[in-house]
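Respectively, the protein sequence lines represent chains A and B.
My numbering numbers the first residue of the first sequence as 24 and each following residue consecutively.
My numbering numbers the first residue of the second sequence as 24 and each following residue consecutively.
Calculated directly from the structure, the hints in this document are not laboratory data.
Just so you know, these numbers come straight off a predicted model, no measurement behind them.
Every residue gets a Cβ at the ideal spot worked out from N, C-alpha and C, and that includes glycine.
Careful: at least some of the hints might be erroneous.
Taking CB as the label site, the calculated pair distances span [stated by the list, open to error]:
{"#": "1", "chain 1": "A", "residue 1": "Ala436", "chain 2": "B", "residue 2": "Arg31", "range": "44 to 52 Å"}
{"#": "2", "chain 1": "A", "residue 1": "Met552", "chain 2": "B", "residue 2": "Gln503", "range": "42 to 50 Å"}
{"#": "3", "chain 1": "A", "residue 1": "Ala65", "chain 2": "B", "residue 2": "Glu424", "range": "45 to 53 Å"}
{"#": "4", "chain 1": "A", "residue 1": "Leu180", "chain 2": "B", "residue 2": "Leu521", "range": "37 to 45 Å"}
{"#": "5", "chain 1": "B", "residue 1": "Thr565", "chain 2": "A", "residue 2": "Arg34", "range": "20 to 28 Å"}
{"#": "6", "chain 1": "A", "residue 1": "Arg232", "chain 2": "B", "residue 2": "Ala447", "range": "38 to 46 Å"}
Number of protein chains: 2
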Amino acid sequence: MSDIEIARAARKLPIGEIGQRLGIEPADLSPYGHDKAKIGAAFLQSLTDLPDGKLILVTAINPTPAGEGKTTTTVGLVDGLNRIGAKAVVCVREPSLGPCFGVKGGAAGGGRAQVVPMEDINLHFTGDFHAITSAHNLLAAMIDNHIYWGNEQDLDLRRIAWRRVVDMNDRALRDMVGALGGVRNGFPRETGFDITVASEVMAILCLARDLADLEERLGQIVIGYRRDKTPVHARDIKAHQAMAVLLKEAIQPNLVQTLENNPAFVHGGPFANIAHGCNSVVATKAALKLADYVVTEAGFGADLGAEKFFDIKCRKAGLRPAAAVIVATVRALKMNGGVARAELGREDVAALVRGAVNLGRHVENVGSFGVPVIVAINHFLSDTDAEIAALKEYTSGLGVEAVLCRHWAEGGAGIEELAQKVKAMADSGKADFQPIYPDDMPLFAKIETVAKQIYRAGSVTADRAVLDQLAQFEAMGYGQLPVCIAKTQYSFSTDPTLLGAPEGHEVHVREVRLSAGAGFIVAITGDIMTMPGLPRKPAAETIRLDEQGFVEGLF
Amino acid sequence: MSDIEIARAARKLPIGEIGQRLGIEPADLSPYGHDKAKIGAAFLQSLTDLPDGKLILVTAINPTPAGEGKTTTTVGLVDGLNRIGAKAVVCVREPSLGPCFGVKGGAAGGGRAQVVPMEDINLHFTGDFHAITSAHNLLAAMIDNHIYWGNEQDLDLRRIAWRRVVDMNDRALRDMVGALGGVRNGFPRETGFDITVASEVMAILCLARDLADLEERLGQIVIGYRRDKTPVHARDIKAHQAMAVLLKEAIQPNLVQTLENNPAFVHGGPFANIAHGCNSVVATKAALKLADYVVTEAGFGADLGAEKFFDIKCRKAGLRPAAAVIVATVRALKMNGGVARAELGREDVAALVRGAVNLGRHVENVGSFGVPVIVAINHFLSDTDAEIAALKEYTSGLGVEAVLCRHWAEGGAGIEELAQKVKAMADSGKADFQPIYPDDMPLFAKIETVAKQIYRAGSVTADRAVLDQLAQFEAMGYGQLPVCIAKTQYSFSTDPTLLGAPEGHEVHVREVRLSAGAGFIVAITGDIMTMPGLPRKPAAETIRLDEQGFVEGLF
Numbered sequence: 024m025s026d027i028e029i030a031r032a033a034r035k036l037p038i039g040e041i042g043q044r045l046g047i048e049p050a051d052l053s054p055y056g057h058d059k060a061k062i063g064a065a066f067l068q069s070l071t072d073l074p075d076g077k078l079i080l081v082t083a084i085n086p087t088p089a090g091e092g093k094t095t096t097t098v099g100l101v102d103g104l105n106r107i108g109a110k111a112v113v114c115v116r117e118p119s120l121g122p123c124f125g126v127k128g129g130a131a132g133g134g135r136a137q138v139v140p141m142e143d144i145n146l147h148f149t150g151d152f153h154a155i156t157s158a159h160n161l162l163a164a165m166i167d168n169h170i171y172w173g174n175e176q177d178l179d180l181r182r183i184a185w186r187r188v189v190d191m192n193d194r195a196l197r198d199m200v201g202a203l204g205g206v207r208n209g210f211p212r213e214t215g216f217d218i219t220v221a222s223e224v225m226a227i228l229c230l231a232r233d234l235a236d237l238e239e240r241l242g243q244i245v246i247g248y249r250r251d252k253t254p255v256h257a258r259d260i261k262a263h264q265a266m267a268v269l270l271k272e273a274i275q276p277n278l279v280q281t282l283e284n285n286p287a288f289v290h291g292g293p294f295a296n297i298a299h300g301c302n303s304v305v306a307t308k309a310a311l312k313l314a315d316y317v318v319t320e321a322g323f324g325a326d327l328g329a330e331k332f333f334d335i336k337c338r339k340a341g342l343r344p345a346a347a348v349i350v351a352t353v354r355a356l357k358m359n360g361g362v363a364r365a366e367l368g369r370e371d372v373a374a375l376v377r378g379a380v381n382l383g384r385h386v387e388n389v390g391s392f393g394v395p396v397i398v399a400i401n402h403f404l405s406d407t408d409a410e411i412a413a414l415k416e417y418t419s420g421l422g423v424e425a426v427l428c429r430h431w432a433e434g435g436a437g438i439e440e441l442a443q444k445v446k447a448m449a450d451s452g453k454a455d456f457q458p459i460y461p462d463d464m465p466l467f468a469k470i471e472t473v474a475k476q477i478y479r480a481g482s483v484t485a486d487r488a489v490l491d492q493l494a495q496f497e498a499m500g501y502g503q504l505p506v507c508i509a510k511t512q513y514s515f516s517t518d519p520t521l522l523g524a525p526e527g528h529e530v531h532v533r534e535v536r537l538s539a540g541a542g543f544i545v546a547i548t549g550d551i552m553t554m555p556g557l558p559r560k561p562a563a564e565t566i567r568l569d570e571q572g573f574v575e576g577l578f
Numbered sequence: 024m025s026d027i028e029i030a031r032a033a034r035k036l037p038i039g040e041i042g043q044r045l046g047i048e049p050a051d052l053s054p055y056g057h058d059k060a061k062i063g064a065a066f067l068q069s070l071t072d073l074p075d076g077k078l079i080l081v082t083a084i085n086p087t088p089a090g091e092g093k094t095t096t097t098v099g100l101v102d103g104l105n106r107i108g109a110k111a112v113v114c115v116r117e118p119s120l121g122p123c124f125g126v127k128g129g130a131a132g133g134g135r136a137q138v139v140p141m142e143d144i145n146l147h148f149t150g151d152f153h154a155i156t157s158a159h160n161l162l163a164a165m166i167d168n169h170i171y172w173g174n175e176q177d178l179d180l181r182r183i184a185w186r187r188v189v190d191m192n193d194r195a196l197r198d199m200v201g202a203l204g205g206v207r208n209g210f211p212r213e214t215g216f217d218i219t220v221a222s223e224v225m226a227i228l229c230l231a232r233d234l235a236d237l238e239e240r241l242g243q244i245v246i247g248y249r250r251d252k253t254p255v256h257a258r259d260i261k262a263h264q265a266m267a268v269l270l271k272e273a274i275q276p277n278l279v280q281t282l283e284n285n286p287a288f289v290h291g292g293p294f295a296n297i298a299h300g301c302n303s304v305v306a307t308k309a310a311l312k313l314a315d316y317v318v319t320e321a322g323f324g325a326d327l328g329a330e331k332f333f334d335i336k337c338r339k340a341g342l343r344p345a346a347a348v349i350v351a352t353v354r355a356l357k358m359n360g361g362v363a364r365a366e367l368g369r370e371d372v373a374a375l376v377r378g379a380v381n382l383g384r385h386v387e388n389v390g391s392f393g394v395p396v397i398v399a400i401n402h403f404l405s406d407t408d409a410e411i412a413a414l415k416e417y418t419s420g421l422g423v424e425a426v427l428c429r430h431w432a433e434g435g436a437g438i439e440e441l442a443q444k445v446k447a448m449a450d451s452g453k454a455d456f457q458p459i460y461p462d463d464m465p466l467f468a469k470i471e472t473v474a475k476q477i478y479r480a481g482s483v484t485a486d487r488a489v490l491d492q493l494a495q496f497e498a499m500g501y502g503q504l505p506v507c508i509a510k511t512q513y514s515f516s517t518d519p520t521l522l523g524a525p526e527g528h529e530v531h532v533r534e535v536r537l538s539a540g541a542g543f544i545v546a547i548t549g550d551i552m553t554m555p556g557l558p559r560k561p562a563a564e565t566i567r568l569d570e571q572g573f574v575e576g577l578f
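Okay, chain A solo, but in the shape it has when bound (with noise of 0.2 Å):
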């Protein structure tokens, strides 16, 4: 059975219901269809006295096509959790609707281990990415209105930081000229559209306390620079407070279940390169006064996603996990240790061992951060008994435990081991969680400090116009913030040919940009796309209604 088979033959639970088993009345519940709901802010203001729950992160090894299963595992991991007695919740990303048409077919897990309804979060849910895409287009448009009605904040032209999203691979959008046509359309300029994942309004909406705060950081971004190169911030245009009353639904967070009718929030998926990779702040802490254990999961590979939840989205908001979960696969350390993905159906132990490195590498960066960490072996059918012994041989020689977990064929059931360790890890007491470099070290010092002690760079180094850029960010009062540092997924350096785990690498900054809503610097190297374009056959050509109605073409 595909995913999508699977997810249609779910028999879920009417969402009022899974409402009720976390104390949330009806009335505070605000249904889109019967399968999914917001919850209403009054009802999470009053949730403020109340104690936490455990937060336990699910990060994985360096991505490879043959496939981690992180988003799986989390779901899993939470069925798990619910069939030994402990009361636990899903928190993940959003998915983006673009990409379903391109390769990437959807996301909300995978096998019996899954969040539905499968289709709706796949594509439009509960309209949260269209209110972002909205509100960043709005403020877009005021920004081209202003100029044209006389430009009173004297706006450089050429130095306007705000482009427009869609939330569509569309790559004949990257880069335009728009406001041609003459006089009544405007003052023609370079622009473009990136991707509704990566717009700031994604990462502020997801950092955001409440709605005042979200309102607040809305007026904070800075859209581009007047002649004396000054900042020109949202609020200088009055466009914030219109943009917060599009978007206040949108930071509602998002109910729905897992296949086995446990509790799932699904809210907010900024980019996990130019933005945090993180579900929103706002779900996490209702889903920690609402559960004993929360599993969330972070995008991307530890090094990008790990990294970032820590010293952004944990710092800022003052979450403190208690425990890690590394996915890894058999197969996909194979990969990392020079097997073809062709060939990945062969035993071969030797292999696996080569490309456990890779693994073992994200073992000690994410205990470096404070937070004990186990390894979730993601069962594929192609996996052999010695490989997997060999792999759990690797992990104790690190002093940390792997557990075989099989939820993608047996759901709950088939995760109950790491469920069982995972919450006498969170209950030990042993986590002392601290982000990896303090505040007040200055911008470019950060990016050296995660660069070397996560990828494990030889040197870092930048064009003296990146580093003037820098120097300017902390002028203007930003050197406080935290970076978030923009780097292929695929390796710990820069290349993403480097699997395993590359050292002594050169990391180049080859440009940098201030998220002052979200309350970041971005730094970005290497090659990162910020609107992906569709492949010669697009999933689209097959996405289908079939006779009954339903989507085909989703997996």
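Go by the hints and put chain B onto chain A.
Leaving out everything else, chain B in the frame of chain A:
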């Protein structure tokens, strides 16, 4: 009290109760919050064999800055009909989000005759326009992607007819050059964005019978032409089925309520110039099965809106309207009679009678479709008894009745007299609807028929290129389609300053476009904007959330 204050004070019933009153079970109603819902396709299918209620059109004189209150009267009339014991429902369009942030504020009726929840309806509502935007832009992305990967269909880059859309007033996007930036971004070409309500996908959604018909029509969209000038359709690049997936909820009618808790279908919102300007056929047909009287409206004045309602929507959907209400105000007629806006507060019977020729012309025109007509005088506090008496005398000279309506101030209680008379008219069986031209008339002759019989033009002209284009559309097999004339809404002529009832003017057709999926030929006269701009002081600057989280600045 402002409209938004009245709307906020409304005692709304849970939407399930509104549905129940129409015989819709909870399982067939998909809630969006507690006061909005979509009606499921299976339920709609089950209604097929029920008899139809009576369809009543609300249209108006040409709009002036003085305001007419067409939606207000549509809503008020339904409240009035229910008060006198008739089972009636509202069918109106969804407002577009973009213009709310410009000058418009909001559009869901006014005073004591509104549909609620007003803020939601004016903002994201149930996400229909976002879904239409996504489907439209997916096709656009697939077109540029098709070209990028080899252009198997041999699309002529100069003859691509499909632009992109956004639901925002953004003049900088009207004309652009996209796909700049080198090889990896595609082939640069001139293009641009329209506002979502101008999308052919919007028109298709509003004219489709059901989801299968929608998909079929999406496939028929002509996206451009090959080098050999043959048309390329959306289905040729396999985009239509994925577009239908994105629209599967959007095509379901939205149920909300009036301030007096009567059911209202608010669904679809095509432009009333380059599209047909009516709510969806799906909603109208569902409403006719569920109620005895369905009151609907058409965009702009009767010259544009009612003509398109009759010649496009009713013709194609097989609807047979039973009565028509033409809304007029003393103020607007005085403006037509030459009174300046600042002077409208002063009694001026002579100007009223001079301006009433505008109303007279519309009365005659609407009657020519075989539909009995009544005039609703939408009362303003500044109207004098003498003015109202003069207006009634004028219409009685035309053989039609004019009824003073106080629904804005009093709700349904203020419009009972009109309700009684409209009900009697609809029940009388006097209507004998027929479109104004037959399907098999040549396209240019159809344009001439509307221009001469409705606009009262003396001559209709077009350049050779336009006539050639029409001949080409006929050769392609589209000669049987109705025409959709885009003309200024402010005058019967193409000159927006010619008020009253001008005749003998020239109508010049400067461009024609094929909407093969929607099923009409657009003929553009004068200067029609498909992407509005924001004003110097956009409403967005004052739209905000107050301390209680309520939206301020929509009105």
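Hints, verified against the model:
no.	hint	result
1	Ala436/A x Arg31/B: 44 to 52 Å	holds, 50 Å
2	Met552/A x Gln503/B: 42 to 50 Å	holds, 47 Å
3	Ala65/A x Glu424/B: 45 to 53 Å	holds, 51 Å
4	Leu180/A x Leu521/B: 37 to 45 Å	holds, 40 Å
5	Thr565/B x Arg34/A: 20 to 28 Å	violated, 49 Å
6	Arg232/A x Ala447/B: 38 to 46 Å	violated, 60 Å
Taken one by one, the earlier hints fail for this structure at numbers 5 and 6, listed in ascending order.
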